[in-house]
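**Student:** Single-letter residue listing:
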Amino acid sequence: MVRRAARCISAFRRASEILRSGPHHAAALTALLSWASPAASGDAAPMRVASMNLCTDQLAMLIAQQGQLHSVSYLASDPRSSAMADKAAGYVENHGLAEEIYLMQPDLVIAGQYSTQATTAMLRRLGIPVEVFPPATSLEDVRARILRMGDILHRQVQARELVAEFDARLGHLRQQVTQRPEAVLYYANGYTSGDSTLAGQILLAAGFENATTRAGYGAGARLPLEVLVMTIPDIVITSRPYPGASRSEAMLDHPAVRAFRTGRAGATMTDHDWVCGTPYVLRAIEELAETRRAITGETR
Amino acid sequence: MKRLAVALTLAVIALFMASLLVGPAGVGLSESLSALFRGDGGPLTLVMREIRLPRALLAVMIGASLGLAGAAMQGYLRNPLAEPGLIGVSGSAAFGAVLAIHTGLSAAFALGLPLMALAGALLGVLLVMLLAGPGGTSLTLILAGIAVSSLAGSLTSLVLNLSPNPFAANEIVFWMMGSLADRSMAHVWLALPLMLVGWGLLALLGRGLDALTLGEDAAEAMGVGLRGLRLKLVIGTACVVGAGTAVAGAIGFVGLVVPHILRPLVGARPSRLLWASTLGGAAMVLAADIAVRVVLPARDLKLGVLTALVGAPLFLHLILKQRRERI
Numbered sequence: 001m002v003r004r005a006a007r008c009i010s011a012f013r014r015a016s017e018i019l020r021s022g023p024h025h026a027a028a029l030t031a032l033l034s035w036a037s038p039a040a041s042g043d044a045a046p047m048r049v050a051s052m053n054l055c056t057d058q059l060a061m062l063i064a065q066q067g068q069l070h071s072v073s074y075l076a077s078d079p080r081s082s083a084m085a086d087k088a089a090g091y092v093e094n095h096g097l098a099e100e101i102y103l104m105q106p107d108l109v110i111a112g113q114y115s116t117q118a119t120t121a122m123l124r125r126l127g128i129p130v131e132v133f134p135p136a137t138s139l140e141d142v143r144a145r146i147l148r149m150g151d152i153l154h155r156q157v158q159a160r161e162l163v164a165e166f167d168a169r170l171g172h173l174r175q176q177v178t179q180r181p182e183a184v185l186y187y188a189n190g191y192t193s194g195d196s197t198l199a200g201q202i203l204l205a206a207g208f209e210n211a212t213t214r215a216g217y218g219a220g221a222r223l224p225l226e227v228l229v230m231t232i233p234d235i236v237i238t239s240r241p242y243p244g245a246s247r248s249e250a251m252l253d254h255p256a257v258r259a260f261r262t263g264r265a266g267a268t269m270t271d272h273d274w275v276c277g278t279p280y281v282l283r284a285i286e287e288l289a290e291t292r293r294a295i296t297g298e299t300r
Numbered sequence: 001m002k003r004l005a006v007a008l009t010l011a012v013i014a015l016f017m018a019s020l021l022v023g024p025a026g027v028g029l030s031e032s033l034s035a036l037f038r039g040d041g042g043p044l045t046l047v048m049r050e051i052r053l054p055r056a057l058l059a060v061m062i063g064a065s066l067g068l069a070g071a072a073m074q075g076y077l078r079n080p081l082a083e084p085g086l087i088g089v090s091g092s093a094a095f096g097a098v099l100a101i102h103t104g105l106s107a108a109f110a111l112g113l114p115l116m117a118l119a120g121a122l123l124g125v126l127l128v129m130l131l132a133g134p135g136g137t138s139l140t141l142i143l144a145g146i147a148v149s150s151l152a153g154s155l156t157s158l159v160l161n162l163s164p165n166p167f168a169a170n171e172i173v174f175w176m177m178g179s180l181a182d183r184s185m186a187h188v189w190l191a192l193p194l195m196l197v198g199w200g201l202l203a204l205l206g207r208g209l210d211a212l213t214l215g216e217d218a219a220e221a222m223g224v225g226l227r228g229l230r231l232k233l234v235i236g237t238a239c240v241v242g243a244g245t246a247v248a249g250a251i252g253f254v255g256l257v258v259p260h261i262l263r264p265l266v267g268a269r270p271s272r273l274l275w276a277s278t279l280g281g282a283a284m285v286l287a288a289d290i291a292v293r294v295v296l297p298a299r300d301l302k303l304g305v306l307t308a309l310v311g312a313p314l315f316l317h318l319i320l321k322q323r324r325e326r327i
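Going line by line, the protein sequences match chains A and B. Just so we're aligned: the first sequence equals residues 1 to 300 in UniProt numbering. Just so we're aligned: the second sequence equals residues 1 to 327 in UniProt numbering.
If we strip away everything but chain A, and leave its shape as in the complex, we get:
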């Protein structure tokens, strides 16, 4: 109780500082209003938020008001995995370590479900509230994550706008699919994604059938090379190799895969649009739908 009151006071003090400083008074006013109104969590709007997961980083950057988000993970500024690398440069970088995050003195930490448990437990012990986001496994999850981020940051209006835009674009993309070619997603180490994963849902939304569904794969699993070859999909969509060599990725270049891919359409995933449940999955769907039209000869 005491801690909560202290946080209210500090939020109020910060808001009034912002008010005094002038140019941001609109943002501060929103902060004050949302603090005054009974919000979902019943707390004041957090004003110094640290996110330590690539996906929550991006959701927070999309939704937070200016000055509200203090720090994002170092992955957010890696253009390979983050769709918002440019924007992430404007925030303090963290590496998901309890010590560095505590020293930032955030009033809220947002973590992913697979963030190190030891770190989030330590932060909680130190009295910092931690919100944990499970990864999205469907497009419906993407909407839910956006809305939840809106609640947590007391930015429900922005979140709802984002969801409305998401729904409109997705609805548009889902129209006019007449033929559904079969595709297989194939990553380093021979992993594949079935229908119950976000990547699988992106594939379906772009108008493909997942050929591994026939072979009985639902979630992410290792797809043996021979099963891939025997499945005979219309297209194999592979991940883009990282710099530096690895055995795991070398198998995408296995002679069987190469022989199998000649004469077939191929595509590569742009990881940063695929990995996180953010509105950027729409960009992945759009790109993939373009590939599908090229295969089937459909026109828009």
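In short, the hints are calculated from the structure, not lab data. Don't take each hint at face value.
Stated by the list, open to error - Computed list of chain B residues with no C-beta within reach of chain A, every gap over 12 Å:
id, residue
1, Leu139
2, Ser157
3, Ala169
4, Trp199
5, Arg299
6, His317
What the hints assert, rightly or not - Per the computed footprint, the stretches of chain A lying under chain B, defined by three or more beta-carbons under 8 Å from a beta-carbon of chain B, are:
id, segment
7, 183-196
8, 226-232
9, 254-263
Because the structure is a prediction, the values reported are computed rather than measured. Positions of the beta carbon are idealized from the N, C-alpha and C atoms, including for glycine.
Based on the hints, put chain B in the right spot on chain A.
**Tutor:** Leaving out everything else, chain B in the frame of chain A:
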């Protein structure tokens, strides 16, 4: 003796066929064989020729290499605990291979991979031989082996952890435990030349090793050049272990288990143990590689896990036996 040779050869052939027929694609026997030999260009031919055939071939080549190298080292050091995996030769070969891959050498020059693994293995063998030569006890041999393999293992991990590639660090398991999953004919061709050289060198050791059972002086009196023998052993072992490790990681205990089982059957003669262990090693790795596919088909269980499950208890048994004999 002839009976043993026939039995081992038949076992290798049977296991080789089984290895060709076991796989997640689940295809019938006659279908897969006709796809392998006739080759209609369909997906099944691709599976048989580009996925299963190289896997079975590599199992034979690597198993034979490890069995032969184990028998030769044990004959020379006159110590049943000498084995390429245990004394760090495989580990240092893996370090060489990892260096070749992560410095880009293997991409620039195809043979760079097996040659670097050879260099690593050579360094490992030399170190162990220097630290625990023929005069050394089992204890010094094992201690030297522990030192060399843990050093090589940590250097391998270091290189993989420094790689900019996020997958590299997970490959530590592959290099420590070994696997034949998803290898291709390219790997067969990469390993074969060095292995041929190594097999040739090690096969020549038979007479010398037989003479050595009588002691070094007696062997020299019989006209066996010990320096030449040692040189052939070191280079031969490094060639076969290096080439095998470069494509399949470090597979342990094969060179320990196989000579141990076969030694009584060949009348404990090192020259006979050489060819017997070659066949026995091939059979053991083929069997282990079939087992990893049957036991946990979807998980890419590492080969070294199985060989260690068989080999480690035997290793302990050998140590206990040696202790008892000393008392």
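**Student:** The structure should be examined with respect to each hint, and the outcome stated for every one.
**Tutor:** So, going through the hints one by one against the coordinates:
{"no.": "1", "hint": "Leu139", "verdict": "holds (36 Å)"}
{"no.": "2", "hint": "Ser157", "verdict": "holds (14 Å)"}
{"no.": "3", "hint": "Ala169", "verdict": "violated (9 Å)"}
{"no.": "4", "hint": "Trp199", "verdict": "holds (26 Å)"}
{"no.": "5", "hint": "Arg299", "verdict": "violated (7 Å)"}
{"no.": "6", "hint": "His317", "verdict": "holds (34 Å)"}
{"no.": "7", "hint": "183-196", "verdict": "holds (count 3)"}
{"no.": "8", "hint": "226-232", "verdict": "holds (count 5)"}
{"no.": "9", "hint": "254-263", "verdict": "holds (count 5)"}
Hints 3 and 5 from the earlier list are contradicted by this structure; the remaining hints agree with it.
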